[in-house]
Amino acid sequence: MKKTNILLSSLILATGLVIGLTVNTPAHSDTSNGVMKIAVIDVPQVVAQSAQVQALKKDEQAKKAELEKWLKTVKADVDKQQTKEGKEKLIKKYDAEFAKKANANKEAYVKRLSEIDASISSTIVEQAKIKGYDLVLAKSTVLYGGDDITKEISKVVK
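Using this note's numbering, read the sequence shown as starting at 41 and increasing by one per residue.
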């Protein structure tokens, strides 16, 4: 009986300490009521509405059209060749050029996409801090709760 009382007292004390530590952690900025302010955001929607992403898509379409035009020129140039060896030599040359162009386009796309991602992420963090949120979660991972800040963030993201 005495062991049970000691164990129960220890458990109550430990629980009290854990609750006290949890409420006073830096993650809980609203110390007046001990409640975290949580927001949710539909990241794909914000990204899709971003002017930066729209510009990137437009740029990619232009690069694709430019590459298609170049390929037509290449085909015409290869078709002009009279000999099989001449055609093979040109095809080899143009294959190497195509690989360079495609790689350069891909690297530029990845770089710009990374910059856009960083920009959108920093905007979300800035706005969350301004609005006093302690935590922002992707809307797709939350079943219930949190203030939806998607529209607000979409207006700010450029």
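Hints listed in this document are in silico derivations from the structure and should not be mistaken for laboratory results.
Be aware that a few hints might be false.
Said to hold, decoys possible - Quick list of in silico lysine-lysine cross-link-like pairs, BS3-like style, CA-CA up to 25 Å:
no., residue 1, residue 2
1, K109, K98
2, K98, K146
3, K104, K115
4, K133, K97
To be verified - Label-pair distances were calculated between CB atoms; the ranges are:
no., residue 1, residue 2, range
5, Y149, T113, 32 to 42 Å
6, K132, D188, 30 to 40 Å
7, G126, S194, 26 to 36 Å
8, V182, L130, 23 to 33 Å
9, G126, E155, 14 to 24 Å
10, S161, G126, 50 to 60 Å
11, E192, E147, 30 to 40 Å
12, L111, Y149, 29 to 39 Å
Every residue, glycine too, gets a C-beta built ideally from N, C-alpha and C.
Okay, the hints, checked on the actual structure:
1. K109 <-> K98: Status holds; Cα separation ~17 Å.
2. K98 <-> K146: holds (15 Å)
3. K104 <-> K115: holds (16 Å)
4. K133 <-> K97: violated (29 Å)
5. Y149 <-> T113: 32 to 42 Å: violated (23 Å)
6. K132 <-> D188: 30 to 40 Å: violated (56 Å)
7. G126 <-> S194: 26 to 36 Å: Cβ of G126 to Cβ of S194: about 55 Å, so the range 26 to 36 Å is violated.
8. V182 <-> L130: 23 to 33 Å: violated (57 Å)
9. G126 <-> E155: 14 to 24 Å: 44 Å Cβ-Cβ, so the 14 to 24 Å window is violated.
10. S161 <-> G126: 50 to 60 Å: At 52 Å between Cβs, range holds.
11. E192 <-> E147: 30 to 40 Å: holds (34 Å)
12. L111 <-> Y149: 29 to 39 Å: Cβ of L111 to Cβ of Y149: about 19 Å, so the range 29 to 39 Å is violated.
In summary, the structure is inconsistent with hints 4, 5, 6, 7, 8, 9, 12 from the numbered list given earlier, while agreeing with the others.
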